[in-house]
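Trainee: Read off the chains here:
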Amino acid sequence: EAGVAQSPRYKIIEKRQSVAFWCNPISGHATLYWYQQILGQGPKLLIQFQNNGVVDDSQLPKDRFSAERLKGVDSTLKIQPAKLEDSAVYLCASSLDVGTKGEQYFGPGTRLTVT
Amino acid sequence: GQNIDQPTEMTATEGAIVQINCTYQTSGFNGLFWYQQHAGEAPTFLSYNVLDGLEEKGRFSSFLSRSKGYSYLLLKELQMKDSASYLCAVGAGTALIFGKGTTLSVSS
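Chains as they are written, first to last, in our numbering: chain A, 1 to 115; chain B, 1001 to 1108.
These are calculated hints, taken from the structure and not from any lab test. Hints are not guaranteed to be accurate.
[What the hints assert, rightly or not] No more than 27 Å apart at the CA atoms, straight line, and that leaves these computed lysine-lysine pairs for BS3-like:
1. B:K1057 <-> B:K1081
2. A:K44 <-> A:K11
3. A:K44 <-> A:K83
4. A:K11 <-> B:K1076
5. B:K1100 <-> B:K1081
6. B:K1100 <-> A:K62
7. B:K1076 <-> B:K1057
8. A:K78 <-> A:K62
9. A:K71 <-> A:K15
10. B:K1081 <-> A:K83
11. A:K83 <-> A:K15
12. A:K62 <-> B:K1081
13. B:K1057 <-> B:K1100
14. B:K1068 <-> B:K1100
15. A:K44 <-> B:K1081
16. B:K1076 <-> B:K1100
17. A:K71 <-> A:K44
18. A:K83 <-> A:K11
19. A:K11 <-> B:K1100
20. A:K83 <-> A:K62
21. A:K78 <-> B:K1100
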């Protein structure tokens, strides 16, 4: 079974530029999550989708971050414009179950460096 | 508020036993998860506790006391490949709240 796929793996941009990340979850997983992991810290949830609807986006900085999950499968996360403090690894995860009773499977992440 | 505490770093030697503690205060509780994360890689699931007590899975065991807001991950017969960050996460509502992780270094 294929795991969670993410691209690109690495991205370097200058502040105020835009960037987009892509995620393809495990087939059949209805729930998709985007996390931000700053060096030395645990992952922080940015947004959670159930199929193509948003379940929780309370920690998403909506003035600069946006995410969508069209057709309830792939998802994209966009940052526009980027700030230095956005440098982090962006992890996508998926799970079968709604809520937190189901194990989450993480992708390899996209390491973003903002200069 | 939400707060999850675990030690920042721990060291141990091959073959030894190590216990990584986690204390939490969260609004809502759906279970306690442990994930392993090797440097530069994605977190991988280790264990899930929703009831008090000990869950054993091979060399790894996890314990939960809901009344004390406390969990630990026990690693036995340590191997070099166990060097990694161990993340404690609490299920609250529909989200997982992660601690900062404990970096475990295993030496020979």
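Trainee: Each hint should be assessed against the structure and marked as holding or not.
Mentor: Hints, verified against the model:
A distance of roughly 17 Å separates the Cα atoms of K1057 of chain B and K1081 of chain B; the hinted pair therefore holds under the 27 Å criterion. For the suggested pair K44 of chain A and K11 of chain A, the alpha carbons sit about 20 Å apart, so the restraint of at most 27 Å is met. Pair hint K44 of chain A plus K83 of chain A holds up; C-alpha atoms about 17 Å apart against a cutoff of 27 Å. Distance hint between K11 of chain A and K1076 of chain B is unfulfilled; the C-alpha atoms sit about 38 Å from each other, more than 27 Å.
For the given pair, K1100 of chain B sits about 21 Å from K1081 of chain B by alpha-carbon distance, which is consistent with the 27 Å threshold. Proposed proximity of K1100 of chain B and K62 of chain A is supported: the alpha carbons are some 24 Å apart, at most 27 Å. A hinted pair counts as satisfied when its Cα atoms are at most 27 Å apart, and K1076 of chain B with K1057 of chain B qualifies at roughly 11 Å. For the hint pairing K78 of chain A with K62 of chain A, the CA-to-CA distance comes to about 10 Å; that is within 27 Å, so the pair holds.
Of the supplied pair hints, the one linking K71 of chain A and K15 of chain A is violated, its CA atoms being roughly 31 Å apart against a limit of 27 Å. Pair hint K1081 of chain B plus K83 of chain A does not hold up; C-alpha atoms about 36 Å apart against a cutoff of 27 Å. Straight-line distance between C-alpha atoms of K83 of chain A and K15 of chain A comes to about 5 Å, which keeps the hinted pair within the 27 Å bound. Only pairs whose Cα atoms come within 27 Å are accepted, and K62 of chain A paired with K1081 of chain B is rejected, the gap being roughly 40 Å.
In summary, the hint linking K1057 of chain B to K1100 of chain B is supported, as the alpha carbons are separated by about 24 Å, within the 27 Å threshold. Between the alpha carbons of K1068 of chain B and K1100 of chain B the distance comes to roughly 20 Å, so the proposed pair stays at or under 27 Å and holds. Distance hint between K44 of chain A and K1081 of chain B is fulfilled; the C-alpha atoms sit about 26 Å from each other, no more than 27 Å. Taking the CA atoms of K1076 of chain B and K1100 of chain B, the gap is about 23 Å. The hint holds against a cut of 27 Å.
For the hint pairing K71 of chain A with K44 of chain A, the CA-to-CA distance comes to about 25 Å; that is within 27 Å, so the pair holds. A hinted pair counts as satisfied when its Cα atoms are at most 27 Å apart, and K83 of chain A with K11 of chain A qualifies at roughly 14 Å. Proximity of K11 of chain A to K1100 of chain B is assessed by CA-CA distance (about 24 Å); at most 27 Å being required, the pair is judged to hold. Among the hinted pairs, K83 of chain A with K62 of chain A is consistent with the structure: their alpha-carbon atoms are about 14 Å apart, no more than 27 Å.
The hinted pair formed by K78 of chain A and K1100 of chain B meets the criterion: a straight-line CA distance of about 25 Å does not exceed 27 Å.
Of the numbered hints listed earlier, those contradicted by the structure are 4, 9, 10, 12.
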